[in-house]
Every structure is written in structure tokens, then in C-alpha cells.
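With numbering that gives the first Met the number 0, letter number 378 in the sequence shown gets 377, and the count goes up by one each step, no holes.
Derived by calculation from the structure, the hints in this document are not laboratory data. We put the CB at the ideal spot given by N, CA and C, even for glycine. Treat the hints with care, as some may be off.
No farther apart than 20 Å at their CA atoms in a straight line, the calculated lysine to aspartate or glutamate pairs in the EDC-like style are these [as the list claims (entries may be wrong)]: (1) Lys391 x Asp381; (2) Lys54 x Glu128; (3) Lys4 x Glu15.
Derived CB-CB ranges, DEER-like [as the list claims (entries may be wrong)]: (4) Pro146 x Gly123: 29 to 37 Å; (5) Ile160 x Glu15: 42 to 50 Å; (6) Phe165 x Gly265: 29 to 37 Å; (7) Asn338 x Gly265: 13 to 21 Å.
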Amino acid sequence: MKALKRLFNTTRPHFESGGRLEKLHPLFDAIETVAFAPALTTTADAHVRDSLDLKRFMTFVIISLMPPFFYGMYNTGYQTGLASGLDVGLVPAMVRGAWVVLPMLMVSYAVGLFWELLFASVRGHTISEGFLVTGLLFPMTLPPTTPLWQVAVGISFGVVIGKEIFGGTGRNILNPALTARAFLFFAYPANMSGDRVWTLVEQTGRQAVDAVTAATPLALLPLAASGEAASRILNDAGYTFGRLFIGNLPGSACETSALMCLLGAGFLVVTGVGNYRIMVGGILGVLAVAYPGYLINLSSGGEAARMFSVHPAWHLVMGSFAFGIVYMATDPVSGPGMNLSRWLYGFAIGALTVAIRVFNPAYPEGVMLAILFMNLFAPLMDHFVIKARLRKRVPNV
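Model the full structure from these sequences, guided by the hints.
Rendered as C-alpha cells:
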């Protein structure tokens, strides 16, 4: 460590003001602060002591993402092997999944870091640690068949339009990873939706990798006949509640497992990085909208909207709701800061997710749009909550 510290000390003058590599100072600072905690100290009042800086805060988020990331890598390889008639053991599935997921991750980090470095150099700022999370979240939400050039285009849009034009990390009103995902969804719908984008199939004896038809649970239900029980449709397709909870099914690269998201949520709540109010509020919002619709469907003999025939608990494990409410909705920048606002914010996301699934069969997965929509209202919610608190104060006499 001493040798590494000496290397940073001897090369730092080249990257400081007046040095030959002055423009690359944000890159040098980013690398140095990964290896060592910042050595800056305050010189004037007031002093705030906190052992958790931004880089360590983001590190905790990355650690919490490891369960869904590694399970998603295994599941991607497993589904590919299953569709291709190949070995689906743990090691072959992990290797096969890594061959799909890791290139998307590397492209996301490389292209995103380029834009971060460019804007940081022009503005004279340091590279934000927030990109460490954005660059990981984005490829985890993509179908495993997504072309790498679209990964590059998507992360570019998310970083530049979703964050940098607002001033960078801490000033963006939308979640950058979700902004990138939404852009790809609307710009290239054929590669981001349908039944042929969720599972890869390896052709024996060929290097080409193609897609195989595999309808997700949310895509199956709108196609059911009137009066047909949703639970029977899903069970006939092999989608039991337990399987949906574990996440062993076709879907986005690393967001199918509610169980892995639950483990990550526990870590975020225990460390104080993720706010439980948003997560619990989201669950309550799903149940508050799904349960009345479920009862209406039962009383009408199954003639109500098809998605209302789904038991409310299934909405919590289908699609990417668990991933979205745990990792995307709890973003401290694009989400609200007041506790009451967080309850309302999470509740609204859950309610909108079910509403989109029920009333828009063409787009059954609604959590992405629900979060982005509520991102726009997060500052307004905080404004009214603070205003209400100030109104309750006893005026000075």
C-alpha cells in the first residue's frame, strides 16, 4: 500500500492545475479515491463528522446488487442452456451467463465513463461515484438479446440527457438508469419487448446467437380467454408462485428474482442506505389497487379486466416490480427526502404499476414508467410536506 501511495503522490502534480495532464484530473481523482479515502479536511466551521462518504455509500449499493446480479447471470445462462439443449449445471450456466451479461456491463461502464470524464473535464468537476451504480443497474434491466451498440446508445442517453444536462449527480430529476432503459424501450421496441428477446439460444456448430420465443408471465395473461383463471394460465405455463419468487424464468438479465431483491433490500435497510418507507409504501400501493380489482373480478364472474384476475400477491413477484421498488425507487437523488413524502411516493409507484398493467395490455410491465412518472413529482411532494410542517409551527410572540 505504501508503494501505491507513493505512486499517487509522485504522479499527482501532473494532474493538478498547471500540470501537463490537468484535463485528466477527474480521472486521476476517481482512481485515487477508489484505492484511498479522500484526504481532504475542513478548515472552517462547522464540522460535520460522518464515516460514510459518497463513494462508500455507492459501494454499499453495489454490494446489495450482487445477489440479483450473480443470480441473473446464472439464470441467463440456465435459460440459454435449456433452450439450446446444453448442460444447465451451475458452472456451465454461470459461464454461459457471464458471456452474455459481462460484455453488456463492460460497454455500459466504458461508454458511460467516457461521458462522465468528458463532462467532468469541461466543468472542472470530479467524476461522480454515482455512475458506479448507474453503469451496473442499466445492463441488469436489459433483455439478454440486447445488441451491444444499443447498450452504448442507451447509457449515453441516460448519462447525458438524464443527468449531465441537469448539472450532474445530485441535480438530476430522473433516475439515469431508468431514463436509459425507457429510451431504448421507445426507440427500439422490437429489441426490448415481445416474446423473442428474453432468452438466447446457441445454435450447435455455429457462432451465431439467436432468440427463442419465451413469453413472460405478464405477457401471457392479456392473451387469455375471457373467464379463464389467471392462476391456471400461469401454472399451465409452469409459472408457479414459488418459481416467480425465485426468478428462474425468462426475463431481463438480472431482475427476475424477487428473492434476491429481498436480500438486497435487507442489506440496504440495515445499513441505512435504502429507505424502507419507499419499499413498504410500494407494496402497500400494489395491494391497495390490486385487491379491490381482484374482488371485483371475482364478483363479476371473471368478466373484469384480465389482469384484475391475478391474485394481488402475484403482482409483487411478477415482472421487475421487486427490482424497481428496491433499487430504482429508493434512489436518494430522484426520490423525495421527507419521510411522509417517501410513504406517498412509494405508494403511488405501487398503485401506478398495477394500473398500467391492468389498463394497458400492450405494456404489461409498468414499474419503469411508474417510477419515472413519480420522479417528476418527488420535489413537489417534498415542497407540500415541508410547507404543511411549517404551518404547524407556533409563531414567535
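Holds or violated: Lys4 to Glu15, with C-alpha atoms at most 20 Å apart: Holds, at roughly 17 Å.
Hinted pair Lys391 and Asp381, Cα distance within 20 Å: Cα-Cα ~16 Å, so holds.
Whether the CB-CB distance between Phe165 and Gly265 falls inside 29 to 37 Å: Cβ of Phe165 to Cβ of Gly265: about 32 Å, so the range 29 to 37 Å holds.
20 Å Cα cutoff - pair Lys54, Glu128: holds (6 Å)
Whether the CB-CB distance between Asn338 and Gly265 falls inside 13 to 21 Å: Taking Cβ atoms as reference, Asn338 and Gly265 lie about 20 Å apart, which means the hint holds.
Satisfaction of the hinted span 29 to 37 Å by the C-beta atoms belonging to Pro146 and Gly123: Holds, since Pro146 and Gly123 (Cβ atoms, about 35 Å apart) stay within the stated range.
Cβ distance range 42 to 50 Å for Ile160 and Glu15, holds or violated: violated (32 Å)
The structure fails to meet hint 5 from the earlier list, while all remaining hints are met.
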